[in-house]
Amino acid sequence: MTTNDLLGKIFQIVLGLAVFAAVIGLILFLIDRAPKRGRDWFQLALFLGPACVLLAVGLLYPAVRTAFTSFTNRAGEFIGIDNYVWMFTQPEALITLGNTVLWVVLVPTVATGIGLAYAVFIDKSRGERVYKSLVFMPVAISFVGAGIIWKFVYEYRPAERPQIGLLNQIVIWFGGEPVLWLQEPFVNTLLLVVVMIWVQTGFAVVVLSASIKGVPTEQLEAAELDGATNWQRFRNVTLPGIRGGLVVVVTTITIATLKVFDIVRVMTGGNFNTSVIANEMYTQAFRAAEPGRGAALALVLFLLVVPVVVYNIRVLRKQREIR
Amino acid sequence: MRFTRHRRLMAPVVVAAALGLTLTACTGDIASDEASDVDCGPYESYGTFDDGTEVDVYGTILDAEAELLNESWADFESCTGIDVVYEGSDQYEEQLNVRIEGGNPPDLGITPQPGLIARLAEQGDLLPAPQAVADNVAEYWSEDWAAYGTVDGTLYGSPLMANIKGWVWYSPAMFEENGWAVPETLDDLEALTAEVRDSGAVDKPWCVGFASGVATGWPGTDWVEDFVLRQQGTEVYDQWVAHEIPFNDPAIAEAFDSVGGFIRDDANVNGGLGDMRSIATTDFGDAGLPIIDGACAMHHQASFYEGFWPEGTTVAEDGDVWAFMLPGTEAGANAVTGGGEIVAAFSDAEEVVAVQTYLSSPDWANSRVSLGGVISANTGLDPENAGSELLKASVELLQDPNTTFRFDGSDVMPAAVGSGTFWTGMVDWIGGKSTADTLDFIESSWPQ
Chain P
1 MTTNDLLGKI FQIVLGLAVF AAVIGLILFL IDRAPKRGRD WFQLALFLGP ACVLLAVGLL
61 YPAVRTAFTS FTNRAGEFIG IDNYVWMFTQ PEALITLGNT VLWVVLVPTV ATGIGLAYAV
121 FIDKSRGERV YKSLVFMPVA ISFVGAGIIW KFVYEYRPAE RPQIGLLNQI VIWFGGEPVL
181 WLQEPFVNTL LLVVVMIWVQ TGFAVVVLSA SIKGVPTEQL EAAELDGATN WQRFRNVTLP
241 GIRGGLVVVV TTITIATLKV FDIVRVMTGG NFNTSVIANE MYTQAFRAAE PGRGAALALV
301 LFLLVVPVVV YNIRVLRKQR EIR
Chain D
1 MRFTRHRRLM APVVVAAALG LTLTACTGDI ASDEASDVDC GPYESYGTFD DGTEVDVYGT
61 ILDAEAELLN ESWADFESCT GIDVVYEGSD QYEEQLNVRI EGGNPPDLGI TPQPGLIARL
121 AEQGDLLPAP QAVADNVAEY WSEDWAAYGT VDGTLYGSPL MANIKGWVWY SPAMFEENGW
181 AVPETLDDLE ALTAEVRDSG AVDKPWCVGF ASGVATGWPG TDWVEDFVLR QQGTEVYDQW
241 VAHEIPFNDP AIAEAFDSVG GFIRDDANVN GGLGDMRSIA TTDFGDAGLP IIDGACAMHH
301 QASFYEGFWP EGTTVAEDGD VWAFMLPGTE AGANAVTGGG EIVAAFSDAE EVVAVQTYLS
361 SPDWANSRVS LGGVISANTG LDPENAGSEL LKASVELLQD PNTTFRFDGS DVMPAAVGSG
421 TFWTGMVDWI GGKSTADTLD FIESSWPQ
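Quick mapping for you: the protein sequence lines, in order, are chains P and D. Residues 1 to 323, numbered by this note's numbering, are exactly what the first sequence covers, in order. Residues 1 to 448, numbered by this note's numbering, are exactly what the second sequence covers, in order.
What the hints contain is simulated information worked out from the structure, not anything from laboratory work. Since the model is a prediction, treat every value here as computed from it, not as a measurement. Built from N, CA and C at the ideal position, the CB exists for glycine as well. Please note that a few of the clues may not be correct.
Quick list of in silico lysine to aspartate or glutamate cross-link-like pairs, EDC-like style, CA-CA up to 20 Å [claimed, not checked]:
| hint | chain 1 | residue 1 | chain 2 | residue 2 |
| --- | --- | --- | --- | --- |
| 1 | P | Lys151 | P | Glu128 |
| 2 | D | Lys433 | P | Glu224 |
| 3 | P | Lys259 | P | Glu128 |
| 4 | P | Lys151 | P | Glu224 |
| 5 | D | Lys433 | D | Asp198 |
| 6 | P | Lys124 | P | Glu218 |
| 7 | D | Lys433 | D | Asp286 |
| 8 | P | Lys213 | P | Glu224 |
| 9 | P | Lys9 | D | Asp266 |
| 10 | P | Lys213 | P | Glu92 |
| 11 | D | Lys433 | D | Glu443 |
| 12 | D | Lys433 | P | Asp262 |
| 13 | P | Lys151 | D | Asp286 |
| 14 | D | Lys433 | D | Asp318 |
| 15 | P | Lys151 | D | Glu143 |
Pulled a few chain D residues facing chain P out of the computed Cβ check, cut under 7 Å [what the hints assert, rightly or not]:
| hint | residue |
| --- | --- |
| 16 | Arg99 |
| 17 | Gly103 |
| 18 | Val182 |
| 19 | Thr185 |
| 20 | Gly274 |
| 21 | Met276 |
| 22 | Ala333 |
| 23 | Ala416 |
| 24 | Ser419 |
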């Protein structure tokens with residue numbers, strides 16, 4: 001790359017921004033000069049238009065195209081539901097589906113559970129902020145980074161060589177033999193789940209801690225005066241009070257877990273029976289050159305995410321109505 | 001007030017200046033090559049073109065390799081006036097299709113997969129090689145290589161660079177000390193493995209690593225391919241790769257079991273790295289290093305492994321490490337697997353033909369190989385130009401008229417197998433899955 005190329009690129013960026021500003025300016029200008037009759041409709045169309053166009057191009061069209069692709073083979077010919085039949089009959093694909101279920105069951109519950117307990121225990125304690133930021137730190141680490149860190153934790157070396165993996169070193173301290181952690185089916189999936197929980201717990205703690213602070217002190221005091229024990233107060237006052245926060249945390253983590261790809265990709269590449277839907281989707285579509293199968297997996301993933309999103313929106317809307 | 005306004009202006013200016021300086025540092029302003037001291041004699045036959053004549057070349061070669069590629073044809077450019085514009089992409093295959101469909105194909109494509117050449121030729125996207133290229137291929141390339149640029153009897157592309165797989169790395173000093181001899185046949189290799197195992201001089205005879213990030217498993221496919229070619233011969237190999245015999249054919253099972261005899265046995269692997277199962281998680285780049293510690297005796301890997309030895313390791317017949325070619329069933333056998341690129345054209349403009357002809361000539365092969373790191377199977381290549389002892393040995397092997405060359409099978413098979421189930425199949429197989437189950441699994445995934 002020479003300076004000329006660079007200048008050319010900078011010029012392109014500036015030009016792009018200028019065109020963008022011009023288009024926005026034109027739209028605003030037109031809105032301002034809208035005819036009196038039907039002004040509302042005109043303005044509505046112009047304000048919503050760009051967003052709708054972008055949604056159609058960036059979301060709607062790819063979704064429809066993916067749905068269509070899922071019924072074709074690699075040559076692009078229509079083959080009916082063969083890709084779905086493959087997904088639900090191949091033992092390898094079934095393991096993938098099973099693993100995804102395991103992930104979705106374990107990660108949200110454990111991460112939210114630990115996060116809630118932690119948030120309650122550190123609430124109003126001295127140094128709360130420090131404790132909170134300690135747990136929150138993994139959230140700032142990318143999934144790929146977390147995967148690499150934990151891959152080192154699970155790293156294997158033969159018994160006669162110095163261990164570089166923390167887990168195997170601990171095993172040796174207790175007199176055991178080093179284990180190929182990431183190659184033991186089932187255990188390896190659980191070990192990957194641990195990484196996801198490690199990343200997500202901080203998010204749960206921060207949101208739930210804020211919710212707990214939002215529970216009115218009057219209600220807690222009233223319960224105390226009525227002779228409720230700590231547990232009863234938590235169970236009957238705090239928990240209902242933070243329901244909104246809990247739903248947000250659980251649904252957000254569930255969606256993140258359904259989409260999990262990086263951790264599996266980095267740590268095992270989907271080998272040793274650890275693959276999940278998102279990883280298999282990528283592998284099929286881009287490595288095995290089977291876009292139809294990849295699209296079918298993407299569609300199933302989409303169908304799994306939809307109810308979670310719908311539930312999330314409904315609960316939040318209900319809460320708003322209560323307020 | 002004045003101060004704040006001042007600051008308000010300063011910050012963006014400083015940021016912009018810093019950004020500008022940083023970006024300038026990324027650019028490499030190189031004075032255009034002085035054309036004066038180039039001897040244009042060899043390039044006269046390609047003709048001269050008007051300044052600004054461009055030929056777009058598209059390929060998979062990236063970064064430092066791409067720079068060397070540009071360097072290799074710099075003299076050609078300054079003598080002929082053609083500007084060869086190379087663009088590399090790690091999504092070559094996909095993007096090439098996009099560009100063809102969009103009516104914007106490159107002038108020349110450098111394709112590392114013969115399968116893709118065949119597909120493009122059948123779709124009618126490729127132009128048959130011009131006469132000058134065909135003449136070069138006939139003169140300077142073996143029939144095996146020419147065949148990979150040929151579809152249905154028509155030559156479409158010329159080979160470019162090459163690499164050889166199947167080297168077995170070892171420490172000459174260790175072999176000498178223990179009185180081990182470089183094997184002449186596969187039976188010798190088996191005997192040697194047993195001898196090394198029983199001698200107790202090293203931890204295990206072999207060290208192997210299949211891990212390679214998302215491509216984990218490919219080193220295993222190289223093992224199998226080498227054994228299929230050596231034990232079953234070229235005919236079975238070609239049938240296997242083209243799926244004229246099923247993947248679970250008994251001939252392939254035999255090759256798997258032979259490989260298993262070497263590396264699917266805890267007594268033979270994994271020198272200094274653990275047991276058999278550690279193969280799947282040992283990085284291919286680290287797998288050969290126990291040879292230096294004296295923990296293992298042999299490591300099977302392609303010629304590029306030369307670059308993986310720690311700094312200061314001499315790679316030579318009398319150095320720290322050296323390699324012998326995986327032997328055949330009989331002494332003096334000479335079938336090797338490897339890879340390379342095919343240059344094919346999407347345009348027949350005069351300047352494109354000139355570039356294509358140049359790339360198929362020994363002139364280019366010598367120019368590029370002299371820059372180091374790679375070799376070519378061009379028989380007009382002077383082995384002395386190769387950058388290292390091993391590359392020199394590889395060139396001599398490739399130029400030997402008795403050598404049979406076959407493309408790495410997994411690069412020729414459809415991606416669903418060649419870079420999909422064949423890889424994962426090898427991982428499962430080394431983890432203990434039976435040969436029959438592994439082969440059935442791969443066979444069932446072959447696209448219909």
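query = Of the hints stated earlier, which fail here?
reply = 1, 2, 3, 4, 5, 7, 9, 10, 12, 14, 15, 16, 17, 18, 19, 21, 22
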